[in-house]
Structure formats: structure tokens, C-alpha cells
Amino acid sequence: MTQSMKVAFLPMLVALLLSTAACTGKQEGPGTQSRSPESTAAARRNVEAGQGMVLLRGLPTLGTVHSVAIVELDPEAADFGAILQDFELPDLQLPLHHLYYSPTGRLYSTGLDPKCSLAELGLSRNAEGAAVIKGVTCLNTHGQQVGEDIIWHNVSGKEYMFVTFMGGTGLDQADCGSIGVFDPQTNAVIKIIEARKGKGAKGAPFLMYPHGMSAYQDRMVVTSTVHPDLATGVGNGITVVDLNTLKPIQNIVVEDAKPVGFPSSPVEVLFVRPSIVPGVAPAVLVNTMFGFETWKIPYNEAAKSFGVPAKVHDGAKAGTGVPLEFYGNDTELFVSHALPGIVKRYRLSSLPELVSSGNDIKAEAGAHHMIFYPSASGRKLIAVQNNLLNLGKAADGDPTDVDFIAKVNDHSITVHDLQSGERLAKLSFKDRYKKGVENVEALFGSGFVHHH
Amino acid sequence: MRRLASAAASFAVVFGAITADGCHARRRGPTPLAGFSAPFVFGRFEVPADNPLTEESVELGRRLFYDRRLSGTDTVSCSTCHMQRLAFTDGRRTGIGVSGKPLAFNSMSLANLMWGAQRFFWNGRAATLEAQTLVPIQHPDEMAEDLQRLVAELSADDSYRALFAAAYGEISAGAISRALASFERTLISSNSRYDQFLRGEITLNAQEEWGRKLFTAHPDVKVSLRGGNCIDCHSQFLTSGFSTGLDGFSNNGLDDEELLQPGLQAVTGDPAHRGRFKAPTLRNIALTAPYMHDGRFATLEEVLLHYDRGIRNSSTLSPLIAEADNQSAGSQEGISLHLTEAEQGAIIAFLHTLTDEDFVTAERFSDPFVRK
Chain A
18 MTQSMKVAFL PMLVALLLST AACTGKQEGP GTQSRSPEST AAARRNVEAG
68 QGMVLLRGLP TLGTVHSVAI VELDPEAADF GAILQDFELP DLQLPLHHLY
118 YSPTGRLYST GLDPKCSLAE LGLSRNAEGA AVIKGVTCLN THGQQVGEDI
168 IWHNVSGKEY MFVTFMGGTG LDQADCGSIG VFDPQTNAVI KIIEARKGKG
218 AKGAPFLMYP HGMSAYQDRM VVTSTVHPDL ATGVGNGITV VDLNTLKPIQ
268 NIVVEDAKPV GFPSSPVEVL FVRPSIVPGV APAVLVNTMF GFETWKIPYN
318 EAAKSFGVPA KVHDGAKAGT GVPLEFYGND TELFVSHALP GIVKRYRLSS
368 LPELVSSGND IKAEAGAHHM IFYPSASGRK LIAVQNNLLN LGKAADGDPT
418 DVDFIAKVND HSITVHDLQS GERLAKLSFK DRYKKGVENV EALFGSGFVH
468 HH
Chain B
280 MRRLASAAAS FAVVFGAITA DGCHARRRGP TPLAGFSAPF VFGRFEVPAD
330 NPLTEESVEL GRRLFYDRRL SGTDTVSCST CHMQRLAFTD GRRTGIGVSG
380 KPLAFNSMSL ANLMWGAQRF FWNGRAATLE AQTLVPIQHP DEMAEDLQRL
430 VAELSADDSY RALFAAAYGE ISAGAISRAL ASFERTLISS NSRYDQFLRG
480 EITLNAQEEW GRKLFTAHPD VKVSLRGGNC IDCHSQFLTS GFSTGLDGFS
530 NNGLDDEELL QPGLQAVTGD PAHRGRFKAP TLRNIALTAP YMHDGRFATL
580 EEVLLHYDRG IRNSSTLSPL IAEADNQSAG SQEGISLHLT EAEQGAIIAF
630 LHTLTDEDFV TAERFSDPFV RK
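Chains A and B, in that order, are what the protein sequence lines are. Residues 18 to 469, numbered by our numbering, are exactly what the first sequence covers, in order. Residues 280 to 651, numbered by our numbering, are exactly what the second sequence covers, in order.
Only chain A is shown next, with the shape it has when bound in the complex (with noise of 0.2 Å):
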């Protein structure tokens, strides 16, 4: 990020941090109810319900390493909050990124250290039943880097697991970007789709520091996001790849108002399809993380056309900022907004139109990712990690600090009651653990339906 990039986002953030609630960071404690020990033993077993994955950023002045951990997330536990194995990397500059489960129960990570851009992660029980984190495993990308997201799909009876690399083939490269399509199976490359801007004809279709991805069918949505480097450039469209080809085909620009002077960044995307909403006439939505905008572009299934974007959400208006994730259950579409630090929801029957279905859920700046669970007596909860990027503070002498988005970086994750929104606990993991928190994922199962 340029200083002058800096300079000129700082006064919006800060306006925006100024009117949202009081977010004092403090410590609040476990619900005042603990496991019943009437419990029957299936709610024993299923007692990792309520655990969580997190992926731990090391802060470096506070003397932490990075890290990857089981975290008891039930706020009726008497250990909510505890740490139950921390696994720590200590061989990378930068940490672990995003995890998902593959489709057959396999644990995966993008990373944004250049020796670890995506690894698999070595899952076990022990003798009492508890998972444990047995090893990261470092995958060849064949020299991608900085790793996001990860979707599973089926072209044409295969199998493949596409990745993105906001940082491609080299950072220095100012239009880099890829994204690497691996065997499931094996996790070997087999190809790598790059479509570098400055290298194509004039026009022609690119690929840009490529982020959030959905796909329908033989068509996937890739939004380009920022470069790495956060200096360099940012994206203002999504890039839509033929999966029957494996090549960018058209880019389709989601801009408007530039609230904050940049371009939009889209950095999440859904394609809104039938097995999300049956019978939804297929359609996209992008946020864009410096348009403070949600984007709806109409998707034609029989001519596989692209229609006119619509702004569907406006952040600046109605007192958003950096809307990030969607993620959905069998009902509603939640769209985290790091700024002022909440989680908006919508019904998922209305989609792709955003029609409110409840009040805001108030987490903490830098709302980001979330999942979903029940409580061990079966409340269904809603946790928000509560981070953009997990760089430190000036303050703290922190020498990967970067200004802004050290605003919207609390380092927690809240817990919430999902019907009402209620906050019922927070854990600070900078205060309790001297860490940041990157990605929580839960311990079993995605605990949402819909993601990417």
C-alpha cells in the first residue's frame, strides 16, 4: 500500500470507526450455563460440535508464533476459549491463511508464506476421542503464491480443486495472479491458469490478482482483489474462466462510486444457483472490498451469458464498509461487513435480491469469516472472527503494522445467538494468546451450506 493510498483511506475508515457502537475489546465471559451433566452420552460425542480450527497469527513483538489450533467455541463450556492443541509453525514468516474441508473429509489451507502457499493438514483421534492436529503438509504449487481460496467442482464428470494465488507465478510481477487447478487425489498441479494483463493483447481477457471464486456448470466467477504487496494494484472486476477450456473469457467490471478513492476490489463471489435456491434464475454477487458494495450480474444458463451489474447493496450509504464473505445454512445468506464489524442477513429464497431477513449481528471490527454450530444444549450459535488481515499495531511496535487495517483487526472471535443475534461470549485471542486470529473453520464439518 502506497503512502498516498494510505493517506487518502485513513479518514474514511476513521469516520466510519467513529460511528459505529462502542467496541471496547473487552474480555467477556463464558455463558453462565455449563454442560449439564445430565447430558446423554450422544451429546457427549458430539461435543467437538462446538470446536472450532483456527489458523493463529504470530505477533511478533509479542514473542507468538504462527500457528494452527482446536479452540472450544461453546460458550457453555467451562473452557470456552481454551486453547485444546496448538500446533505451531514456527518455520514460517507468514502464517496459514484459509481452511477448508475437502469433499471427502480432507483438511486444506492456503498460506500466505511463499514456502507454504497451500498445504493439507493431517488429521487423527486419539484414545479419548479427540481430534488431533498430526502435521502441515507443504504442497507444491509449482511457484504460486499467496494462496486464498479453494472450491472442489465437477466439469464434465471430473473432479478438480481450483485454488487462487493473489501473488501467481511472482510478486513482482504488478499483474499477478493465478489460479491452480490440482487432482484431488493426489494434489498435484495440473495446471496453472494465468492470463497476465500486461502480457495479452489489448483487451483480451485477464486474470488479476485473484481472490474469492464460485462456479456453475462449466462457468466460475473469479473476483481480482488487491496485489498482494497491497502497494502495487487493485482489481476492479471479476474474471469469468470456461472450465471447459480452463482460460479467462471475459471480464466483467463491478464499480461505482469509489468511496474510499480505489478501485472497488471484489474480493468474495457467489454464484447464486439452483442448488443454493431451487429454481433461482442463476445470477453473481460480488463485494467489493474498497466499494463498501454488494453486486448482482444476472447469469443467462442457455446463452452462458453475463448480464448488466446492479449495485444491490450500497455501503456508503447505508453505513457499511469492506463487506467481505458470504456464507449461507438452509435459510438465510449472511455478507460479513468488516466495517463497522457486523454480519447482515438475508433470505436465502429472495436471492439473488438482498431482502433483509433480521437484524444486524453486532461483532467486532473486521468481521470476516464465520460458522455455525450448536451450543452443547443446542442453541444455535453464529461465531464472527473478527479480523481483515492480522497485522499488528503501531503501538505494539509491530513491525508488520499497517495503519488501517490495524483499525479493523480486533483479533476475536465472537459468539452469537444465531436467531436473535444476541452476543453471548468473546474471546480475545490477541489479549488471552497474544495472537491474531486469520480463519476459523469448524472443527467438523464446514458448519455452513453454502460458501463459494
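Misleading hints may appear alongside valid ones.
Said to hold, decoys possible - Just so you have them, the derived chain A footprint on chain B, three or more residues with Cβ under 8 Å:
no., region
1, 431 to 438
2, 473 to 482
3, 551 to 561
Unchecked claim - Over the 12 Å line for every Cβ pair with chain A, so calculated as not near, a few chain B residues:
no., residue
4, 375
5, 393
6, 419
7, 448
8, 485
9, 571
10, 621
11, 634
Read the hints as simulated data drawn from the structure, not as lab findings. Small disclaimer: the values here were computed from a predicted structure and weren't measured. Here a beta-carbon is modelled for each residue, glycine too, at the ideal position from N, C-alpha and C.
Chain B: place on chain A using the hints.
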């Protein structure tokens, strides 16, 4: 000769259990089971707090499992009806014990007992694995043993005195049941080709992969999804029934209303549970013929034919079976999956990937009384 071998084993155990700090033997606590590992994807399991898995309890349980002295006639052991090479089944329609009369049920496989429905026997009449172990021992047609007599018999054996002392500190019916349950909990089948596939070590061939997809799909004609509907009762990774409540018990359409056997109703008294039996693990299913609670089907082909076009309707038939169809509604053929022969073949090919050669040959599960 067997007794001599036992005595030698007992000496080793006793020697190991005695400290050298004086003339009084002091019993050490049992040793937590070393090297235990189970697949993460099988899910959480629970071992009773009063019967943790230990080296001593598992070894004792293994010996008891294979010891014919557990029957009143000293002719039948647990392994008589649960043979390792048949994935701990016996190849019969229904088991035969000391009385020589056919038993009421097919002998269930003993794989992966810590997962799936946590009530045991086809009709769920045992609420714990510990409780289950003592039922066949005392049943007059199965092993016909009196527990007090068994305790006395084992107490007269030096090797068992040492093994029980090390594992539980006493010889009792409770200790016998806990030891057998401990051994049975270690009977984990997790190295079939399917497991290797799940771990990313191998790729299934095209027919097996097709079968896997059919196995895991509930048919939905609206989105052109064809499925074998297996996963509705047999979970994806374990292939066993579900553990929540009584979800692991289903009426899978074997009989008409008037012929329905009590099944789970015999335990709960609930008429809605009539005809519901435990959905077993399908691990090693190719080795465990014949099939169903009464062993009525001799082959996997017969099983697939049953699910495809042999379903008998009744008031407690699983709704997941009743409405599963790969063709649009309106068929006059009654309940049917309408799978093609090739699809049935693919599912069977997938079921063969569940065979775990390690499981059926592993020495740690084998008869300890057999001389190598």
C-alpha cells in the same frame, strides 16, 4: 500346552506389575493404550470413563474373546460367531451356539463399534458395549455360561489372575465385560481401499468411483441426480448408521406390515419402532454375507435388487426409502429406486472397496491361543 503358554504369559505380566522396592508387590495403574489412532473423519467417539482403553484391558479382552471357557461347555467362544477372516461374522444366516439351534439373528460384524448407533444388537437391546458382551455368554443357546461359574473358572487360572489384576484389579463379571468391550473397541477397520481413497493415497477406478457417487446420492429427478440412496442410512465415511438418538435404526422394507418383526419395538415398546433394525456398518461387507438381520440375502446382488425393486411397504417403512426414486413420480411398480443394472454393479463395485485386508489379518485382532 495352552495352559503352559498362559502361565508363561502370566509370569511376564506379573513380573512387570511388581515393583522392586520391597517385598510387597505393588500394583501399578493400567497403561494408557499406546499408538492408538483412529481416522478423524469417523468422528468423535466416547469411551466410558470407568473403562478407558489401556494396554492391559485390550490384551485381556482379546484373550477372553477367543477363549472357549467363556461358554458353559468350553466349546464356543465369541470368535465362534465372530471370525476375524470374515470381518468378525460367521458366514451363516443366523449364528449357532452351544445348543446347536439356529439363533434369532445374523451375527453382526464387529468393526468400528465406537461409531454409529450406540445401542447394540440388531434390535438395540444392549445400551452399552459392556452390557452387550455379557448377553451371549449367558444366553442358553449361545454360550450358556453362568457368570459366577465363569469367574471361578478364570480365577483358577494364573494367567487370568495376573491379567485381570493388571487391568482391573479383580476378576468379576464386570471386569470380564469391560475387557471384552475394550478389545472390541479397538476393532477399527480403516485401511480399506475406500479409506486409502479418502486419505488421497489411491484413486478408485471408474466403476468404483461411479458407485461411490451413487452411494452418496439421494436421487433427485428435478436436478437429474441419480442415486442409490445408501447414504441416507449409512453415513459417508463410516458407512454405518447414524449415532443421533435412534436414527441408526431403520425399517428398510424387508417385510409387509403383517410380517414385520418387532425390531427396536422390543426394546422401546413404541409401535413406531416396529420393524426397525440397526443399520450396520458396511465395512468389509463383501466378506460378511449373508445379509440383513436374518441373513435372508445371500449376495450383494440380492441386496441391491431388494433396494431397487423389492421394498415392502408398511407403516414404519423409512420415509427416506419410500420416496427415493430415480424416475419421476407416477410409476405403477410400487416403491423402486429404478437403478440400472450397471448402476447396481457400480454400487457393488464400490462396496468391494470397503474390504480391509489389514483388518481381517491383523495379528493384534487375532486368536492369541493359536501358535504361530
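Okay, the hints, checked on the actual structure:
{"no.": "1", "hint": "431 to 438", "in the structure": "violated (count 0)"}
{"no.": "2", "hint": "473 to 482", "in the structure": "holds (count 6)"}
{"no.": "3", "hint": "551 to 561", "in the structure": "violated (count 0)"}
{"no.": "4", "hint": "375", "in the structure": "holds, 33 Å"}
{"no.": "5", "hint": "393", "in the structure": "violated, 7 Å"}
{"no.": "6", "hint": "419", "in the structure": "holds, 31 Å"}
{"no.": "7", "hint": "448", "in the structure": "holds, 20 Å"}
{"no.": "8", "hint": "485", "in the structure": "violated, 9 Å"}
{"no.": "9", "hint": "571", "in the structure": "holds, 26 Å"}
{"no.": "10", "hint": "621", "in the structure": "holds, 15 Å"}
{"no.": "11", "hint": "634", "in the structure": "holds, 19 Å"}
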